[in-house]
Amino acid sequence: MILNFESDLMWFLWIGPLCIAIGQILYVHLKRK
Amino acid sequence: MNIGLLIFCGYLLIMASIGIFAARLQKSTVSYWVADRGFGVPILAIAILVSIMHGGSVLGGTGAIAARGATTLNNMSFALGFLVVLFFMARKLRRFGGFTLPDFLGDRYESNKFRVFAAFVVLVSAIVSLVAQTKAMGVVVMQLSGLSLSTSLILATMIFVFYTSIGGMMAAVWTDIVQWLFMCVGLGALVFVLWPVVGGLSGMAEKLNTVAPGWTSFKGTGWTTMGLFTWHLVWFIAYFTRIEFVTKVFTARDEKTAEKAVAWGLLLVLIFFSVTVFLGGSARLLVWTDLKSPDQAFPMLITKYLSPFWKAMALAGVASAAMSTVSSLLLLSGAAIAHDFLRKSYYEPRGIEKSEAFYLRISRITLLGVGIIAMVGAFFTPTLILTIVSYAVALTGASFAMPILLGLSWKRVTPKAAYISSVAGFIVTGLWSFFTEMGLAWAKNVHPIFPGLLVSIILILIVSLNTEPASKETLAKFFPTSEEN
Chain A
0 MILNFESDLM WFLWIGPLCI AIGQILYVHL KRK
Chain B
0 MNIGLLIFCG YLLIMASIGI FAARLQKSTV SYWVADRGFG VPILAIAILV
50 SIMHGGSVLG GTGAIAARGA TTLNNMSFAL GFLVVLFFMA RKLRRFGGFT
100 LPDFLGDRYE SNKFRVFAAF VVLVSAIVSL VAQTKAMGVV VMQLSGLSLS
150 TSLILATMIF VFYTSIGGMM AAVWTDIVQW LFMCVGLGAL VFVLWPVVGG
200 LSGMAEKLNT VAPGWTSFKG TGWTTMGLFT WHLVWFIAYF TRIEFVTKVF
250 TARDEKTAEK AVAWGLLLVL IFFSVTVFLG GSARLLVWTD LKSPDQAFPM
300 LITKYLSPFW KAMALAGVAS AAMSTVSSLL LLSGAAIAHD FLRKSYYEPR
350 GIEKSEAFYL RISRITLLGV GIIAMVGAFF TPTLILTIVS YAVALTGASF
400 AMPILLGLSW KRVTPKAAYI SSVAGFIVTG LWSFFTEMGL AWAKNVHPIF
450 PGLLVSIILI LIVSLNTEPA SKETLAKFFP TSEEN
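Chains A and B are the protein sequences, given in the same order.
As numbered in numbering that gives the first Met the number 0, residues 0 to 32 make up the first sequence, in order.
As numbered in numbering that gives the first Met the number 0, residues 0 to 484 make up the second sequence, in order.
Quick caveat, the hints were computed from the structure, so don't treat them as lab data.
None of these values were measured; they are calculated from a predicted model.
One thing to keep in mind: the hints can contain errors.
[Stated by the list, open to error] Simulated pairs of lysine to aspartate or glutamate, DMTMM-like, Cα-Cα distance not exceeding 20 Å:
{"no.": "1", "chain 1": "B", "residue 1": "Lys443", "chain 2": "A", "residue 2": "Asp7"}
{"no.": "2", "chain 1": "B", "residue 1": "Lys415", "chain 2": "B", "residue 2": "Asp106"}
{"no.": "3", "chain 1": "B", "residue 1": "Lys410", "chain 2": "B", "residue 2": "Glu472"}
{"no.": "4", "chain 1": "B", "residue 1": "Lys206", "chain 2": "A", "residue 2": "Glu5"}
{"no.": "5", "chain 1": "A", "residue 1": "Lys30", "chain 2": "B", "residue 2": "Asp253"}
{"no.": "6", "chain 1": "B", "residue 1": "Lys410", "chain 2": "B", "residue 2": "Glu467"}
{"no.": "7", "chain 1": "B", "residue 1": "Lys476", "chain 2": "B", "residue 2": "Glu205"}
{"no.": "8", "chain 1": "A", "residue 1": "Lys30", "chain 2": "B", "residue 2": "Glu254"}
{"no.": "9", "chain 1": "B", "residue 1": "Lys476", "chain 2": "B", "residue 2": "Asp253"}
{"no.": "10", "chain 1": "B", "residue 1": "Lys415", "chain 2": "B", "residue 2": "Glu467"}
{"no.": "11", "chain 1": "B", "residue 1": "Lys112", "chain 2": "B", "residue 2": "Glu347"}
{"no.": "12", "chain 1": "B", "residue 1": "Lys476", "chain 2": "B", "residue 2": "Glu254"}
{"no.": "13", "chain 1": "B", "residue 1": "Lys26", "chain 2": "B", "residue 2": "Asp289"}
{"no.": "14", "chain 1": "B", "residue 1": "Lys206", "chain 2": "A", "residue 2": "Asp7"}
{"no.": "15", "chain 1": "B", "residue 1": "Lys255", "chain 2": "B", "residue 2": "Glu467"}
{"no.": "16", "chain 1": "B", "residue 1": "Lys255", "chain 2": "A", "residue 2": "Glu5"}
{"no.": "17", "chain 1": "B", "residue 1": "Lys476", "chain 2": "B", "residue 2": "Glu109"}
{"no.": "18", "chain 1": "B", "residue 1": "Lys206", "chain 2": "B", "residue 2": "Asp289"}
So that you can see chain A by itself, here it is in the shape it has in the complex:
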């Protein structure tokens, strides 16, 4: 349970997508060219 939501939902709904979003932002800002 995270914030009273089941953990697998938290991963599917927020943690996973947010990791993708932050990963994308880091990628476009840090890559060369």
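Using the hints provided, position chain B relative to the given structure of chain A.
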């Protein structure tokens, strides 16, 4: 004069002023269709968010999530869809530098036939969505202004057609920014008021665990595993082929800006769409028993918990979400006719030279015409319209996904293969939608986008391996030697 009408009048005034200001900066069709390719990251990221987040995503989204659980929200589909756009499309489409997707498909596959077909698909899909969204916007404006549905529809259509047709993409995106501010204030006020009532996000979830068991689980309430999987998969495909999103990269200052805007756009999308989980959960807890249908969840929440002023602001926020999407759709439909059909498929191939001023005038007249069609269409919208919209989204997905994705990343895709796979994807999805509507059981079990996409994938691979690729000159344009793929 009631407060809602006052806010609506102020809103219309701001939008009209932006349109007039943007109109004075229109020098050519590059200004008109892609805003002189001058947008930076923040503006573009917000424009991407609001063109995706339409009135229905707030109203329908709140209702659907209230009914079926937090798992209904498509955050994962957005994230994966944006990932595809970022890694396979944003940089290359921006570097190509056209105005529209038919532009890209026509040039990449050296085929005017394909350009015309693609413009036809865009036009059908955009006009169907435009009519549905115009109707939805009319209903929200009616609730906001207190005027009749027909007056609200006419007023709201007049204003978005006015600013979009005179100011083009610039007006559409600048108004997007103001509309986004309205959304922030309107939705922010509702969240602010409801937060202590339900005990924040975790308090809300705790109560929901007893009131609606399963609401906070991965499986949701009332979903089958297959149903849930299909729902997210369809939206994943729909998002990387969503024309009002993908075509925004053409307006970026450069390739790097296009990529950054997509990346930041995703973060904004996740934040703003997540609000609907809180609103849906609150609706389930606070007003569920009073509702006749889930669609009333949002209106009921604001009626019950906000003062008249803040209720009007929240409705102005939803009206803004609706209007920013219709202006994007109007531009897309107009571009398909004025740019893809008239200029690129009729005048230019015949060597008929026309001035930029002529094309600018034609573009404005076209948008005006399409706007009038949308308004008339909205008056006679069948109840089936939302289902038709989902078929329209499926049609663009099945027709464009493979030719765009593979066309940008695989040199071997041949013009014949892309065209055949696109037409076949369109026909199969179209027929499957028709069979579903006829009530055929075998068709109903599978969403129309899947058979269409499957046929499109098979054909593009088989035909590509047996026909000639595009010319060396064309390939050099889309695959510079510095790039590995």
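Against the structure, the hints come out as follows:
no. : hint                : result
1   : B:Lys443 x A:Asp7   : violated (30 Å)
2   : B:Lys415 x B:Asp106 : holds (13 Å)
3   : B:Lys410 x B:Glu472 : holds (12 Å)
4   : B:Lys206 x A:Glu5   : holds (14 Å)
5   : A:Lys30 x B:Asp253  : holds (16 Å)
6   : B:Lys410 x B:Glu467 : holds (11 Å)
7   : B:Lys476 x B:Glu205 : violated (57 Å)
8   : A:Lys30 x B:Glu254  : holds (13 Å)
9   : B:Lys476 x B:Asp253 : holds (17 Å)
10  : B:Lys415 x B:Glu467 : holds (8 Å)
11  : B:Lys112 x B:Glu347 : holds (14 Å)
12  : B:Lys476 x B:Glu254 : holds (15 Å)
13  : B:Lys26 x B:Asp289  : violated (54 Å)
14  : B:Lys206 x A:Asp7   : holds (19 Å)
15  : B:Lys255 x B:Glu467 : violated (33 Å)
16  : B:Lys255 x A:Glu5   : violated (38 Å)
17  : B:Lys476 x B:Glu109 : holds (12 Å)
18  : B:Lys206 x B:Asp289 : holds (18 Å)
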